[in-house]
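Asker: From just these sequences and the hints, can you work out the full model?
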Amino acid sequence: MSVTQLPNEHYAALISADKSELPGHGLAWLNSLREKASNEFSDGGFPSPREEEWRYTNISPIEKSQFSLATKAGAVDADFLQGVLLDDCHHLVFVDGFYQADLSSVGELPEGVVVSAISSGLAEHEGLLKSLLDSVVATEVLGFINFNTALFTDGAVISIEENTKVDKPIQLAFISSEGADLSLSNCRNVIMAKASSKATVIETYNGVEGSCYLTNVVTEIVVEPNANLSHNRLQAESLKAYHMGGVYSRLDKNAIFSQYNYTFGAVLSRAEVHADLGEASDCTMDGLYIGMDHQHIDSHTRLNHEQPHAISNEFYKGIMGDRSRGVFQGRIIVAEDAQKTDAKMNNRNLLLSDHAEADTKPQLEIYADDVKCAHGVTVGQLDDTAIFYLRSRGADEEMAKNMLTFAFANEMVERIELQPLRIKVLEQLLKRFPQQGMKIEWL
Amino acid sequence: MLKIEDLHVSVEGKEILKGINLEIGKGEVHAIMGPNGSGKSTLSYILAGRDGYNITQGRVLFNGKDLLEMSVEERAWAGVFLAFQYPVEVPGVSNIYFLKAALNGIRKFNGLSELDAMDFIGMVKGKMKDLDMDEKFLYRAVNEGFSGGEKKRNEVLQMSVLEPTLCVLDETDSGLDIDALQIVAEGINRLRDPERSFVLITHYQRLLDYIKPDFVHVLAHGRVVKSGGPELALELEEQGYAWVDQKVAS
Ligand SMILES: Nc1ncnc2c1ncn2[C@@H]1O[C@H](COP(=O)(O)OP(=O)(O)OP(=O)(O)O)[C@@H](O)[C@H]1O
Ligand SMILES: [Mg+2]
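Quick mapping for you: the protein sequence lines, in order, are chains A and B.
Heads up: take any position in the first sequence, counting from 1, add 7, and you land on our numbering.
Heads up: take any position in the second sequence, counting from 1, add 322, and you land on our numbering.
Possibly wrong hints are sitting among the right ones.
Said to hold, decoys possible - Pairs of lysine-lysine, BS3-like flavour, derived with a Cα cap of 27 Å:
1. A:K175 / A:K205
2. B:K458 / A:K408
3. B:K430 / A:K438
4. B:K430 / A:K408
5. A:K79 / A:K247
6. A:K260 / A:K201
7. A:K172 / A:K137
8. A:K347 / A:K260
Don't read these hints as lab results, they were simulated from the structure.
Treat the numbers as computed from the prediction; the structure is a model and nothing was measured.
Answerer: This is the structure in structure tokens:
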């Protein structure tokens, strides 16, 4: 079912405006791709809540806000940047949707490995971009994706050479500057892990606290046979911002793909994580989302088991406080040919307030007969007995609750193998649930 | 130190404690025995401040202050400690962090500064050694996956770290093997002090072989039906509780 609605006039005007400043203008194939996306958007606009998949995501505040297109990168102060960059990584920094060479440091890479911005590397890597762009995205409701395809200003092109291991993680840091208030940015990333390669990519999203902007980002990923790619996403936007993010991936035979998704920021956010699983591939999807105040956080995952013998393990945890709302929609589709599929999905939610809400919706569509599929979802509250126990030992009530909430989240943090990322996630957690006297090595 | 006067408690309309009177002086050890379901754990939870009970009558004074008016943590800060009959598992919270948070809460209340991490760990490790506990328990989640006996030992570890003045131990001896019982009893005896009192809830004389009580009380059907010296426990061991029931009936 597809429900169309008239696109918001403001955004329709943005998308039909002159695109000659966008990277790749002059490349016929890219122009026609942008053109097609632009036309589709003009017909359909942003998704309406009448679309089943968008039932819980009310994007009308985005329409009302009438964000303008960011046209250049604003200034980012050194301390802010320092707080965003992870230690010991190859860094590409994008500000307000534009690559900033002077803030980035790619450093030494193994032979044949590409880590570049679209804007600066297009001439050299056109073939790579052309082969990947719009090749993996497959979903019914394309509003934000079309908007991105038509208007993306920059993003990363990454290719990991065959049989090559990139030791240090590659961080793509997306920053919204103070000057980006009331504007929107579109970045597009393409990542190719060639056969038997191994790498880690971390996308981080940060903005100046208090500013209101929209980040609309799409990442497309191909993991070739026997390659192993870890893809991480830390969304810590300003709490007034909007974030629409998508990760679309294709796993070839025996590929290993791990996607870790940590969501803390934005007043309204949606993360779409899709994977098409080839034969005997192995896909992990882990997520942690924490909402406070009036935040609305959507996590939508889709695992397409298209070929036999693939394994998927999905585990998402959510904590909703105050008047926040968390939505988890996890779809697993097992095609008729995908015999011996082994798929596990788990979503656990902790509600901290009577006014908070968690909606969890696992959807299993199984067309093969010889498969193992398990799913479990829960929505619960802190255990009163445990609170009593902690208080009876001298922790005050707030402390006891913070300890237990932290503990609930920490199960996901413990799974983060990358120490610098783990520390960043911990910082976000501790900001929300302070732990007096906690030593990180005790976790 | 502790004075319980005519305490009546009910749960969901059912009266469980029906007028308890008990006075515990500084430095004393009181044993409370009694049949299953007589209200021993209920009494211990009331002292610790657990929710869900209806206190319909009576009062409890702790060092002259109204204990029932105090929040759970205020009681802990003031020196009340309950070793649970069924210690609670707290997944995701490490034992060491739990102990530190608890001790700092209490120290803060008493106007003391936070203990330095190194000093703290050194102190805790010393107490673990006394209780023959492996140091690896420090980094495990509180009670999670602990065996019954390990949980009980962990309760006594917490007690020796927090150094409360009123220790209520609810069947801490249950589930301990013979060697563990001796180690735990020694741990408790080490804490004995003229300023510290103990309430030992137990079904067995063997704990009292190690920790000699000053008084023994029999709780039955929500009342203290008999009080006496250590010899009362021996009498119960021989005769069981049948005679208590006869006594209540008459
Ligand atoms: N929350 C509750 N709801 C209903 N009944 C309760 C509740 N708590 C306690 N009771 C009842 O109160 C009575 C006393 O229970 P309590 O646990 O205090 O006994 P006990 O003396 O500690 O027994 P045991 O020796 O078996 O540990 C029991 O009959 C029990 O079922
Ligand atoms: Mg009991």
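Asker: Does each hint hold? Answer for all of them.
Answerer: Hint-by-hint comparison with the structure:
1. A:K175 / A:K205: With Cα atoms ~11 Å apart, K175 of chain A and K205 of chain A stay inside 27 Å; holds.
2. B:K458 / A:K408: Status holds; Cα separation ~25 Å.
3. B:K430 / A:K438: At roughly 22 Å apart (the allowed maximum being 27 Å), K438 of chain A and K430 of chain B satisfy the hint.
4. B:K430 / A:K408: holds (19 Å)
5. A:K79 / A:K247: holds (21 Å)
6. A:K260 / A:K201: The given pair, whose Cα atoms are some 12 Å apart, holds under the 27 Å limit.
7. A:K172 / A:K137: Holds - the C-alpha atoms of K137 of chain A and K172 of chain A are around 24 Å apart, at most 27 Å.
8. A:K347 / A:K260: It holds: about 14 Å lies between the C-alpha atoms, which stays within 27 Å.
In the structure shown, no violation is registered for any of the earlier numbered hints.
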